[in-house]
Amino acid sequence: MKAFRFGQAAAVLTAGALALTACGGNSSAAGTSSAGGSGSASAAADYSALAGTITAGGSSAQANAQAAWSAGFKAQTPKVTVNYDKSQGSGGGVTNFTAGSYDFAGSDAYLSADQATKAQAVCGTGGAVNLPVYLDGVAIVFHLKGVDKLQLSANTLAKIFSQQVKTWDDAAIMADNPGVTLPSTAITTVTRSDGSGTTQNFSNYLHQVAPDVWTAPVSNKWPVAGSSAQQGGSGVVNTVKAGDGTIGYADHSAIGDLPAAAIKAGDKYVSFSQDGVTKAIATAVTPAKSTVAGDLGQDIDYTKLTSGDAYPIPLISYDILCTKFKDAAQAKLATAYINYVVSDQGQKIAAKNAGSAPLPIELADKIRATLKTVS
Amino acid sequence: MPGRPTPGKPTQGKPRSGKPNAAARTRPADRVFKFLSTSAAVSIMVILAGVALFLIIRALPAITASWSTNPELKSGVTGGFASFWAYVSPLAFGTVWASVIALLMATPVAIGIALFISHYSPRRMASFLGYIIDLLAAVPSVVYGLWGILVMRPFLLPLQEWLNAYLGWIPLFSGKVTSTGSSILTGAVVLAVMVLPIITAICREIFLQTPKLHEEAALALGSTRWEMIQLCVFPYARSGMVSAILLGLGRALGETMAVAMIISPAIIASFRIITEGENSQTIASNIALNFPIATGMQRDALIGTGLVLFVISLAVNMVARLIVNAGTGRKKVFWRKEKVSTS
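Going down the list, the protein sequences come from chains A and B. Using the numbering used here, you'd call the opening residue of the first sequence number 409 and step up by one each time. Using the numbering used here, you'd call the opening residue of the second sequence number 911 and step up by one each time.
Bound conformation, chain A alone (with noise of 0.2 Å):
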């Protein structure tokens, strides 16, 4: 019986040790990845001499786009494995990248300078680059009895996220709504808990079109006390659902069924649609100020959206990569990979499977050219 019970503790050890190894043999693929990859960017179809691993992680916005990608790259490249870690968010993207553990990182904002002075340690001299490479918009969703259509301008979305309009019948959502009966239910305005950066892009659009009436921070913490916050897109979205005069913010691509309003933009009153964002990102980025050559970080210019076909909160995210790779074979499989993202193709996939944006075209060449500078 001693014995018996001895060779079972026996084998469970063995198992756990055998696990153990299994996992630490992962990260050593990517040392025997192919040396004879195709390589030049504009090559763009044919992928099939790569093998390898490529590791990253960080921004969830990104994480049904990455799944897409990685399982539309896998049926071209049957030899790569793409591990997509959306566990990180985008401040544990940045960090594993720039301690050299990541490939890529995808993170809502570009490199602070502070960020870009630490990759260097990293990526050399060279530094790193920011890819735009994920376009969504951030959607004003709501639930409130006999209400399913709403338009909202920009200073009464100010007033209501901050808690200056209390009820739905105030004078400034009835302004905006003509000819709809709202009811007097008191407004309960729904934020993220954690820190987003869906958050920080909401937060400085306000700031930016409606400085006389939102007067908090930028910021990627929801900044206004007061607000219903709950945990998560999803968790704003569940109980935007469940309760009766709430309003909120989310990425449209997590939004569902609900209702979401339209943006006042200039004249018009624009509801979301993915050529809306496209169109919105083609007019209002600006090159955001960069020591890197082919750095594509963009600032939005949310005054400029007034033409009433760009939806007025476009949300951008990025993947940040060396414009020097530690290993030639890794930087030829990262490349690859960012390549088949931006291509027409891999943005139709993440617009398919997970709601986003397609790139507008100049956009997508920039990118394609800066991945030529990489290697």
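A couple of the hints might just be wrong.
Distance ranges between label pairs, derived from CB positions [said to hold, decoys possible]:
(1) A/Ile-769 with B/Ile-966: 32 to 40 Å
(2) B/Asn-1235 with A/Gly-508: 43 to 51 Å
(3) A/Thr-589 with B/Tyr-1041: 36 to 44 Å
(4) B/Ser-976 with A/Gly-508: 25 to 33 Å
Chain A is nowhere near these chain B residues, computed Cβ spacing over 12 Å in every case [claimed, not checked]:
(5) Arg-937
(6) Leu-963
(7) Ser-999
(8) Pro-1018
(9) Leu-1046
(10) Thr-1088
(11) Leu-1131
(12) Met-1171
(13) Ala-1176
(14) Phe-1181
(15) Leu-1224
(16) Arg-1231
Reference listing, derived: stretches of chain A covered by chain B, where coverage requires no fewer than 3 residues with Cβ under 8 Å from a Cβ of chain B [what the hints assert, rightly or not]:
(17) 593-599
(18) 603-609
(19) 639-646
(20) 692-706
Think of the hints as simulated: they come from the structure by calculation, not from any bench. The C-beta atom is built at its ideal place from N, Cα and C for all residues, glycine as well.
For this one, chain A is given, so just place chain B on it according to the hints.
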């Protein structure tokens, strides 16, 4: 049956019956197991020291930094606070506050269940109930979180509105009442369910150890069952109950996922428990919510709050130990007296 020793009663001093040679000769197996168990004991110390060291080393830069000028600390998840202590004190308050409310609700129920199992229920039902309670401890906290969001939030909403409407003059229930249910009260109810098993299990064990002689003596003197419990069980189990509650507190302090999912937090020190925007945030949930997006120094600051939680938990556990030790010391005397009287 009546001679069951109390916990902490020394038995080493007495020579045990039979085999005097057993301890004299050491065999290889003895040595191997002594080594194994010693290294297991040492590894606990090493791990604890390692965690403490990690927390201190990572937290120091954020604790000593100037929060108003550091470019990372003055923005984002740590923005708006003058120093590390200004950031961590409302969080520490919220951690203790949420746990205390949870304990206030859990303790009476837990003691009731434990008493029922140890003194009222038929034997077969007792073991079944004990099994159910232990099962409660095995449910993952994310499931409790989902249960809190989908079931308890809407369920407790009318109660909170009622409390605010009629008892709103009590500071506890004042403020703008929640409309989504994400209040600290909802979170505390779920927390209470989560700490219930640990308090119940310990109390049950202690109640069962009440000397049968005392109980029978009380009953023989004509007391009812409830009087017997008041006279014998509670005095005997007092220190054990306190330590059970403190261990439950330790569990509640560190709970992360359920709190993060349910409570709508703000980093403020507020006693209000049924509002939406004035719920004090807990340390563990704050770390879980903000660590993914935090960068550099912000991460160090969050780790620093973890260090504070570590210290609070350590203090609670040490107090629990002290109480248990003091309690058993007193009981030893009590036991001897009783022995004299019965012999």
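Results of checking the hints against the structure:
For A/Ile-769 and B/Ile-966, the Cβ-Cβ distance of about 53 Å falls outside the hinted range of 32 to 40 Å, so the restraint is violated. For B/Asn-1235 and A/Gly-508, the hinted distance range of 43 to 51 Å is satisfied, since their beta carbons lie about 50 Å from each other. With their beta carbons about 57 Å apart, A/Thr-589 and B/Tyr-1041 fall outside the hinted range of 36 to 44 Å. For the pair B/Ser-976 and A/Gly-508, the supplied restraint of 25 to 33 Å holds, since their beta-carbon distance comes to about 29 Å.
A cut-off of 12 Å between C-beta atoms confirms that B/Arg-937 is not in contact with chain A; the least separation is 14 Å. With 12 Å as the threshold on Cβ separation, the claim that B/Leu-963 sits away from chain A holds: the shortest Cβ distance comes to roughly 20 Å. For B/Ser-999, the requirement that its beta carbon stay farther than 12 Å from each beta carbon of chain A is met, with the minimum near 18 Å. Every Cβ of chain A is farther than 12 Å from the Cβ of B/Pro-1018; the closest lies at roughly 30 Å, confirming the non-interface assignment.
The claim that B/Leu-1046 lies off the interface holds: its Cβ sits roughly 24 Å from the closest Cβ of chain A, which is beyond the 12 Å cut-off. Under the 12 Å C-beta cut-off, the non-interface status given to B/Thr-1088 relative to chain A is violated; the minimum distance is some 7 Å. With a least beta-carbon separation of about 49 Å from chain A, B/Leu-1131 lies farther than 12 Å from that chain, consistent with its non-interface assignment. Listed as outside the interface, B/Met-1171 is inconsistent with that label: its C-beta sits roughly 5 Å from the nearest C-beta of chain A, within the 12 Å cut-off.
A Cβ of chain A approaches the Cβ of B/Ala-1176 within 12 Å, the least distance being about 6 Å, so the stated non-interface status is violated. Under the 12 Å C-beta cut-off, the non-interface status given to B/Phe-1181 relative to chain A holds; the minimum distance is some 16 Å. The claim that B/Leu-1224 lies off the interface holds: its Cβ sits roughly 27 Å from the closest Cβ of chain A, which is beyond the 12 Å cut-off. Distance check on B/Arg-1231: its Cβ is at least 31 Å (rounded) from any Cβ of chain A, clearing the 12 Å threshold; non-interface status holds.
Closer than 8 Å: that is the beta-carbon criterion, and the region 593-599 of chain A has 3 residues meeting it against chain B, so the requirement of 3 holds. As drawn, the region 603-609 of chain A meets chain B at 3 residues by the rule of a beta-carbon pair under 8 Å; at three or more, the given contact holds. Only residues whose C-beta sits within less than 8 Å of a C-beta in chain B count toward coverage, and the region 639-646 of chain A has 3 of them, enough to reach three; the restraint holds. Requiring three or more residues with a Cβ within less than 8 Å of a Cβ of chain B, the coverage given for the region 692-706 of chain A is violated, as only 0 such residues are present.
In the structure shown, a violation is registered for the earlier hints numbered 1, 3, 10, 12, 13 and 20, in ascending order.
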